[in-house]
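Number of protein chains: 2
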Amino acid sequence: MMIKTSANLDEVFFPRNVAVIGSSPTEFYTLALLLTKMRDHLYLVNPNYKEVHGKKCYASILDVEEPVDYVIFNLPTRNVLDVARECVQKGVKVIHSFTSGFGETGLQEGIELERELISITKGKVRLLGPNCMGIYCPKSGLSFHPASTNEEGHIGVIAQSGTFAQYFVFAGRSRNVKISKMVSYGNALDLDCPDFLEYLADDPDTRVIALYVEGVKDGRLLRSALEYASSKKPVVVLKGGITEAGVRVASSHTGSLAGSGQTWSTMFKQSGVVQVDDFDALLNTAICLNGSEPPRGRGVAIVTYSGGFGVVQSDMCVKAGLEVPQFSPPVIEELRKFVPAVGTMIGNPLDAWQIFYNYGENQAGLGDVFRIVSQDNNIHSMIMQFDIIRYMLARWGVEFEKRFEIIAQRLFEGFRFARDKAGKLVVISIYLDPYADNEIERKYTLAFKKKCEAEGFPVYPTLSDAVMVVSIMYKFTELGYRRSLKKG
Amino acid sequence: MMIKTSANLDEVFFPRNVAVIGSSPTEFYTLALLLTKMRDHLYLVNPNYKEVHGKKCYASILDVEEPVDYVIFNLPTRNVLDVARECVQKGVKVIHSFTSGFGETGLQEGIELERELISITKGKVRLLGPNCMGIYCPKSGLSFHPASTNEEGHIGVIAQSGTFAQYFVFAGRSRNVKISKMVSYGNALDLDCPDFLEYLADDPDTRVIALYVEGVKDGRLLRSALEYASSKKPVVVLKGGITEAGVRVASSHTGSLAGSGQTWSTMFKQSGVVQVDDFDALLNTAICLNGSEPPRGRGVAIVTYSGGFGVVQSDMCVKAGLEVPQFSPPVIEELRKFVPAVGTMIGNPLDAWQIFYNYGENQAGLGDVFRIVSQDNNIHSMIMQFDIIRYMLARWGVEFEKRFEIIAQRLFEGFRFARDKAGKLVVISIYLDPYADNEIERKYTLAFKKKCEAEGFPVYPTLSDAVMVVSIMYKFTELGYRRSLKKG
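The listed protein sequences correspond, in order, to chains A and B.
Heads up, the first sequence is in the working numbering, so the first residue is 1 and it goes up one at a time.
Heads up, the second sequence is in the working numbering, so the first residue is 1 and it goes up one at a time.
Hint data in this document are derived by calculation from the structure and do not stem from the laboratory.
The model shown is predicted, which means the values in this text are computed figures rather than measured ones.
Among these hints, one or two may not hold up.
As the list makes no split between identical chains, a pair holds if one copy fits it or if it spans any two.
[What the hints assert, rightly or not] Keeping only pairs whose Cα atoms sit at most 16 Å apart, straight-line, the calculated EDC-like set for lysine to aspartate or glutamate is:
| # | residue 1 | residue 2 |
| --- | --- | --- |
| 1 | K450 | D437 |
| 2 | K319 | D277 |
| 3 | K319 | E244 |
| 4 | K421 | D437 |
| 5 | K232 | D69 |
| 6 | K217 | D420 |
| 7 | K139 | D205 |
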């Protein structure tokens, strides 16, 4: 079942050099690649320019003096075939065509163009796309977006949609998402999802694989690749086109035959990968898998400053297949020692808004909550709702910074105890109204969020995101993942 | 069935004056009320101060020279009974106790305190709470949060949880949510959810009622009040405590007996109110109902700049009970006249990223899309995903502002046509990564969002929020709401 089918794709992810055909001062592959280590191995091609950003610009790929490994097409559709022939003549190894206008248009003209492109390249040069963003690989310097970071990470992304690939790039900046390799593969005339899955499965730099797929040419190949990949590392997948409307759209988006939603879900389950419902869940799960182990059970402890949110969050957990078990009597007894009885709920969820403000010397607080609760055997994950910075700012004013530093320090001691000593999944929800314009609150909230990320604790903007991620993480447990994120 | 049970609550929402017992320089009711028109009808009481914020501070309510209508308790639990007796002696009409430590603690002591408080006040003074934020009514100047605006609006909010009430206040600033009357009512020893429902049902300033409830003492009264209210205006409800865990928590939060989730859902359905799943849905629906009519049918048109999001959003719509019908042939033909065939999907969803950038004179663009598509008989709502400002900024740099102004102006012409001429629900999704720190993108995105709000078009931060709201709005259609939001 798990037979590897694809060639090694090192030549796709690690070309020695790159040429951009259709380069110009505003062309974004040019801009993106000039910002990576590829800048010194970059050839720009466009007959309309002699120079772009101070770099020589060639009229044709055939004019480049050296052999070229990897060529990016960002040019008018009508020129694609001619330039592809030149690439074959030049001995190029990989063509990536961002240029679209092929089978996905549904027009006879596009379908014929596609057929000709295949016949020109087949057996001579590997083809990525057309109609896709291509590859982002910080280690080799491949990039498709000027906003991407050059930092190397451990999340592998395979996305049939260019937008989703770009959103992972944006999240790179705002959510500290560090990528090992990312590929947006579009119409997949040659290189297809199974090839990338198998490559990332074997890639030592990739710890987690996040996949967005609309459809494939060969379902059995995909299944085999998913089984292979999921035997190596956790794979989380978003399937686009699981309803009739979605299928219709997927077909005009990437020319995919999408099949029924039920068929896909069954296949994913049988292949050992976990399916999610939307892009946020895909991103959020990848972030969590990157730094945390799946929880050993369904039991969630909720730490909040709001009774109302405690109630609603408990409902959310149960609806998502988790449990919110009452704490054991010794744990409740320990908590009663420092959580006041009035205005709180001592139990699970723990609504203990007063102790969120505890910063005094010898004063027990939130850090102790994590230390105590994480030792409860019925608790496997802890979700903390920490939306309280605005209240602290209002209450403390100029004293905020000093006091919050003490609170944060103790809190992280608690987080680390819960995760590293007690082996529990710790997830933090920090709501930040995206539309709010309180810049002071934003500043301190973002600083705290960054500290969480730096220590490897996953942070989510809403409570439902946090609950959803824990429930998805538990699905990996059900599949047998644990211990350095290997199966078994 | 629809018999009104409550007294008129004008004395609760429109007191002539207010006293805060437990006032201090940092006490938040004092701060909040000093910022409203109530400031000139405000008495501060606390034996420890002679003056607070330059205002005379009385040692006791009995020392106030004038009659006092409305008294707020923010004082130690142990003093509540004595001060309540003084209020009765003074002839106060309403006591609102923010102070907690009663039945919700589950402790015998708290339950007894509650019983005594009832016996002191019963038949003599109306009681709001204890354990609640109380009332926010910009028209009378009642307020419980210094961040609340003084602008009067048309959304009525009844929330058993103080946090949710506060979140509506925060949303007031960031989401342009203008409130008619809001009440957080906590343990509900006297005034309870049914009283507020009936009052807001009859309130001419309230167009929509958003309700968060954990439980009630008398289910039949609640049902009758819900029926009465929903016969007058749309009511959207979030029930906290619908799972076993949630019920347990609700009981310790506000001392409510919550009942099973299924029972509640059936009751809501039969009472003509629409139940939602979380706080965001409650807020988002209230925003939409405030300015828009429910859609006449299930058909949604999706306008996006991303094929991938088009696919996923179509799936979301169908899963939420909506439909994404293909446009009629004449509509597609019209669109083909100005939407290029390459790199797009001409149909529903419409992925037409190129025309998002159209600003040229005589150049058709997004505004025309709304004009054309809204005339399709199978389309009842239009969702536009407008997350493209970051791309425009990257593409246009300093030219952005001038070009975007033209685009926005034409877009709003299209929005207005679709809503006002064609009678379609128009909903806009503007993603703004809450954690992103691109301040330029934030600035322009917020400006565009504010323009949407100013024109009464509902805006949501994520695609799934937008889809969810349209599906909830359609539930109101199924209940028979239409035409100035009265039942039809």
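Going through the hints against the structure:
In the homo-oligomer, the alpha carbons of K450 and D437 lie at most 16 Å apart only across protomers (12 Å), although the nearest pairing inside one protomer, at 19 Å, exceeds that limit. When the C-alpha separation of K319 and D277 is checked against a cutoff of 16 Å, the pair qualifies both within a copy, at 15 Å, and between copies, at 10 Å. When the C-alpha separation of K319 and E244 is checked against a cutoff of 16 Å, the pair qualifies only between copies, where the shortest distance is 10 Å, while the shortest distance within a copy is 26 Å. Taking the shortest alpha-carbon separations for K421 and D437, neither the intra-copy value of 39 Å nor the inter-copy value of 34 Å comes in at or below 16 Å.
Taking the shortest alpha-carbon separations for K232 and D69, neither the intra-copy value of 30 Å nor the inter-copy value of 71 Å comes in at or below 16 Å. Taking the shortest alpha-carbon separations for K217 and D420, neither the intra-copy value of 44 Å nor the inter-copy value of 46 Å comes in at or below 16 Å. In this assembly of identical chains, the alpha carbons of K139 and D205 lie at most 16 Å apart only when taken from the same copy (10 Å versus 61 Å across copies).
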